[in-house]
Amino acid sequence: MAAAPITAPPLKPYPVIPILEVGAMAGTKSFPANAQIQEALGFPGELVEDWHDKAIDKLGELLGKYRSLKVYLDACVHCGACTDKCHYFLGTGDPKNMPVARQDLLRKVYRRHFTWSGKWFPKLVGAEDLTKEVLDDWYSYFHQCSECRRCSVFCPYGIDTAEITMAAREVMDTIGLGTKYTNEIIGKVHKVGNNLGLPPAALQDTLSSIEEDLKEETGQDIRLPVNEKGAEVLLVTPSADFFAEPHVYSLMGYAKVFHAAGISWTLSTHASEAANFGMFIGNYGQMQKIATRVRESILDLGARRLVVGECGHAWRAAYSFWNTLIGPFDFLDPNYPVPQHICELTYDLIQRGAIAFDKSANDKYVVTFHDSCNVARASRMGNLPGGQFEIPRAIIRAVANKFVEMYPDSIREKTFCCGGGGGILTDDLMDVRVKGALPRMEALQAVVDSDGVNFMAMICAICKAQFTKVVPYYKFNMSMVGGVHQLVGNAIRLGPK
Amino acid sequence: MTTATVFFALLLYAATLLGVAGLVWRIRDYARTPAPLKIPTTPAPTTTGGVVLRMLREVTLFESLFKANLWIWLFGWMFHVSLALVLARHLRYFTEPVWFWVAWIQPFGLYAGLAMVAGLAGLWARRFLVERIRYISTPSDHLMLALLLGIGASGLSMKFLDHTDIIDLKAFALGLIYFDWQPLPAHPLLYLHLLLVALLIGIFPYSKLLHAPGLFFSPGRNQADNPREKRHLADWAAKLEKAKV
Ligand code: SF4
Ligand code: SF4
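Order-wise, the sequence lines are chains A and B.
When the count follows this note's numbering, it moves up by one through the first sequence with no breaks and lands on 486 for the last residue.
When the count follows this note's numbering, it moves up by one through the second sequence with no breaks and lands on 258 for the last residue.
Hints should not be assumed to be uniformly reliable.
Stated by the list, open to error - Label pairs and their in silico Cβ distance ranges:
#1 141/B to 38/A: 54 to 64 angstroms
#2 47/B to 179/A: 55 to 65 angstroms
#3 87/B to 288/A: 29 to 39 angstroms
#4 319/A to 135/B: 46 to 56 angstroms
#5 251/B to 111/A: 33 to 43 angstroms
#6 341/A to 33/B: 53 to 63 angstroms
#7 155/B to -1/A: 30 to 40 angstroms
#8 482/A to 47/B: 44 to 54 angstroms
#9 134/B to 111/A: 21 to 31 angstroms
#10 47/B to 205/A: 27 to 37 angstroms
Claimed, not checked - Restricting the straight-line Cα-Cα distance to at most 30 angstroms, the calculated cross-link-like pairs of lysine-lysine (BS3-like) are:
#11 180/A to 252/B
#12 252/B to 278/A
#13 177/A to 252/B
#14 255/B to 43/A
#15 80/B to 403/A
#16 43/A to 252/B
#17 80/B to 180/A
#18 252/B to 1/A
#19 243/B to 278/A
#20 47/A to 177/A
#21 391/A to 353/A
#22 1/A to 18/A
#23 243/B to 403/A
#24 278/A to 80/B
#25 255/B to 177/A
#26 204/A to 353/A
#27 218/A to 80/B
#28 18/A to 177/A
#29 18/A to 112/A
#30 391/A to 1/A
To be verified - According to the in silico footprint, chain B covers these stretches of chain A (three or more CB under 8 angstroms from chain B):
#31 100 to 106
#32 120 to 127
#33 148 to 156
#34 159 to 173
No lab work stands behind these hints, which were simulated from the structure alone.
Built from N, CA and C at the ideal position, the CB exists for glycine as well.
For reference, chain B alone in the conformation it holds in the complex:
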């Protein structure tokens, strides 16, 4: 067992723990915080089924963003859809035998890798070129894009420029899952890739990546428009009411 293997195994465990624990804590916090008033942005669906559809459109098509700005939508959507495909493609390292649909999307996943980097580049360019967006950008906004680009670029380089031994890599990945560690192929690009991925997973719940769970908890989007039909009362407001009478 090389030092690198031990280092990356521990790093990935730690990052996952930090990421998952933080995410669970954040989501519990969101779920427990009351929404005392009905505030969906209208026109809004009047039923729960309608809300599910609205959320689905937001999650898969970025409906609101599409209405707002075609450029941001184009780059943002391209990046997210590609990322989803790329992640799905990576499932081949964690499944044995490889699920059939994972095998099937492999070639698409490859193009998606390129599209993802292009989308990120577009998003980043806006932070320099558009005055309004330059004004609101913080260093972390830039670094987040750099991090994602770094992950994409290091991954693509291993595909197109300098292959690593993916059989051994898969053994390492499966070993992590089954707590039966296998050696990690010695490969600088792979080291870089894994380092950045661990960083991304680790900071997920402590950064603006919280937009992912946040969307599902946004009262403006997830509430049904039925205040006249159904009385809505938060716990603390109900207590206030009790105290009065």
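Extracted from the complex, chain A is given alone in its bound form:
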């Protein structure tokens, strides 16, 4: 397969809705998973012979299991309110990247097979058979959706394209069409415990060398304990934190917070991954299987609190789904929310005066904050709705002197996806990723120009990985990208040396 040329659209001073370019991204496809990857998850190794009937059967099954799917497929009135809300549409101009058009790829087959009007008057209601061409479109465009839910904020019925995308991917997996990127990673978690396939010994080595770095930097013995029974807190964090940059600086930040506050904590090799890619493919069983490692670890280690590191979709899985998938957590300390976000923990310590900062340590930075979609639109922090916006910002303000917001339609619940979420963070989709980052890059450019912003803080491993790769295409320096706990780590006072 010839690699698609990767091009970044020019940045404009204000968002412009593109002119439609029909079919622009039809040929951009995520690499399909091979038989080995597929079969490891219990999916067929290749496209099955009776794929059409199998797909329709599966769709029928999902319609009976998920109210969201059924209601969302019925309720859309084609009002068009969502058409200009998707970053992939804004970046590519391909009309099938408009949320409603993406849904319609599945909806037309649903109408044809499951509604009376679609059976008798297909042309009238836009119903279509599931042909090979339609399946091709599914594969292309349901892998150009990051399941970011921005469209659902604006839809008058709350129709969430992410739910449709998940269902479509689930259908495709059951007929043998999965993506290499996501399904291979899920296999690694089942086998080794983390997305990177990092075995326990290697993980321990990495952690010791980070401890040495911390010693060198601070002169103190700041630990990164692993598999320590009886620690108070079990921290589950995305495995990228262990050795990707800038992720690792946030890991150091968490360690410093625990150290300064005197909280005993541990990581686990068995659950060395907060990410849960089972969510991306809409597969309840896979999601549960991945999450189960967390339950097993906390029972095994006997920790009393469960804390989650900086990751967007992982926080959604943890906050919104863990209680359902692997709960109840009645055996944990009832004085703390379960699970607790690392930002909630740090914020709580700040409120109680348990940790202090030298804000000037971050004076070289003018900071802005990128809300990650799954935190913003699919979860919460603290007790009040919107705490997921206030708490990270409060932390940044507590540790840095200069903080600037990007324009209102690009932050909080209206935030733009980084362009790499939902199983898109793969090199074979680089063109989609670069183009999908456009709205965020425009918002960033504006504050770079007006306020000299030179640091975009975030709390998501995927956002960090995506932006470090993508910002150079827009002529930004990748050192602008970093975690909230990276800033915390810079400024935290660690007591006498």
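Take the given structure of chain A and dock chain B with the ligands to it, following the hints.
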């Protein structure tokens, strides 16, 4: 009893039956289908009371649409509010004596009729003028607007251009309710009006008009944001869990 009377009486009964039965079947289906995971679009209210308020704002103010696009909101809201008023105005044909508030809104209902048609025209214009919306429009999207416009136009013409005998019409309407059929005034515009209305009622549960009940069943809007506080488990997921241990 004229043929037209019998025809329209039967047609309206049939349409109502088809519409109501279909709607009941659809709503039961929605209600019975589980929502296995907590997926409210956040920030979301954390209590049931908060959810009720959120839904109220969606239903009466079209809050999300307002955030999305002012033009669609303007036309859409204008159409729906006017339609509600127009429907309320029509209650005078079905109540005897006419309820006082129905009598009171009569003049407003009239303006609402005009606003409704204007709203529909705006919505339809977008389907031609805005490239993105032209792209997603299906023939049924156009026909639905044509149908509603037809209903509005035929109704307004009877008010402003060519009156029908509303005393007799009311007798017909009440007759339908009490199964004591009375003759329907012979009037082509009225025939057209009733024909289109019957069509609308009949196709309600088999078309995108399902957005009305759909909104109330949308997990993105009707769930409270409390997954940590309260364990949420669908039946089939609970069975899965039982099977495992
Ligand atoms: S969920 Fe996000 S990526 Fe998917 S269609 Fe909606 S806005 Fe686009
Ligand atoms: S905003 Fe909702 S109802 Fe309107 S076109 Fe998009 S998905 Fe359909």
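Status of each hint after checking the structure:
1. 141/B to 38/A: 54 to 64 angstroms: 44 angstroms, violated
2. 47/B to 179/A: 55 to 65 angstroms: Cβ of residue 47/B to Cβ of residue 179/A: about 26 angstroms, so the range 55 to 65 angstroms is violated.
3. 87/B to 288/A: 29 to 39 angstroms: 56 angstroms, violated
4. 319/A to 135/B: 46 to 56 angstroms: Cβ of residue 319/A to Cβ of residue 135/B: about 55 angstroms, so the range 46 to 56 angstroms holds.
5. 251/B to 111/A: 33 to 43 angstroms: Holds: the Cβ-Cβ distance is about 38 angstroms, inside 33 to 43 angstroms.
6. 341/A to 33/B: 53 to 63 angstroms: At 59 angstroms between Cβs, range holds.
7. 155/B to -1/A: 30 to 40 angstroms: Given about 36 angstroms between the Cβ atoms, the range holds.
8. 482/A to 47/B: 44 to 54 angstroms: 50 angstroms, holds
9. 134/B to 111/A: 21 to 31 angstroms: 29 angstroms, holds
10. 47/B to 205/A: 27 to 37 angstroms: 54 angstroms Cβ-Cβ, so the 27 to 37 angstroms window is violated.
11. 180/A to 252/B: Cα-Cα ~26 angstroms, so holds.
12. 252/B to 278/A: 16 angstroms, holds
13. 177/A to 252/B: 28 angstroms, holds
14. 255/B to 43/A: Given pair residue 255/B, residue 43/A holds - Cα atoms ~27 angstroms apart, limit 30 angstroms.
15. 80/B to 403/A: 10 angstroms, holds
16. 43/A to 252/B: 24 angstroms, holds
17. 80/B to 180/A: Not satisfied, since the Cα-Cα distance of roughly 45 angstroms exceeds 30 angstroms.
18. 252/B to 1/A: Measuring from Cα to Cα gives roughly 53 angstroms; hence the hint is violated.
19. 243/B to 278/A: With Cα atoms ~21 angstroms apart, residue 243/B and residue 278/A stay inside 30 angstroms; holds.
20. 47/A to 177/A: Distance ~26 angstroms between residue 47/A and residue 177/A Cα, so the pair holds.
21. 391/A to 353/A: 9 angstroms, holds
22. 1/A to 18/A: 27 angstroms, holds
23. 243/B to 403/A: 27 angstroms, holds
24. 278/A to 80/B: This hinted pair is violated, its Cα atoms lying about 38 angstroms apart.
25. 255/B to 177/A: Roughly 27 angstroms separates the two Cα atoms, so the pair holds.
26. 204/A to 353/A: 23 angstroms, holds
27. 218/A to 80/B: Distance of about 50 angstroms is beyond 30 angstroms: violated.
28. 18/A to 177/A: 22 angstroms, holds
29. 18/A to 112/A: OK: residue 18/A and residue 112/A at ~29 angstroms, within 30 angstroms.
30. 391/A to 1/A: 25 angstroms, holds
31. 100 to 106: holds (count 3)
32. 120 to 127: That given contact is violated, which follows from only 0 residues of the segment 120 to 127 of chain A lying within Cβ reach (below 8 angstroms) of chain B.
33. 148 to 156: holds (count 3)
34. 159 to 173: violated (count 0)
The earlier numbered hints that this structure contradicts are 1, 2, 3, 10, 17, 18, 24, 27, 32, 34.
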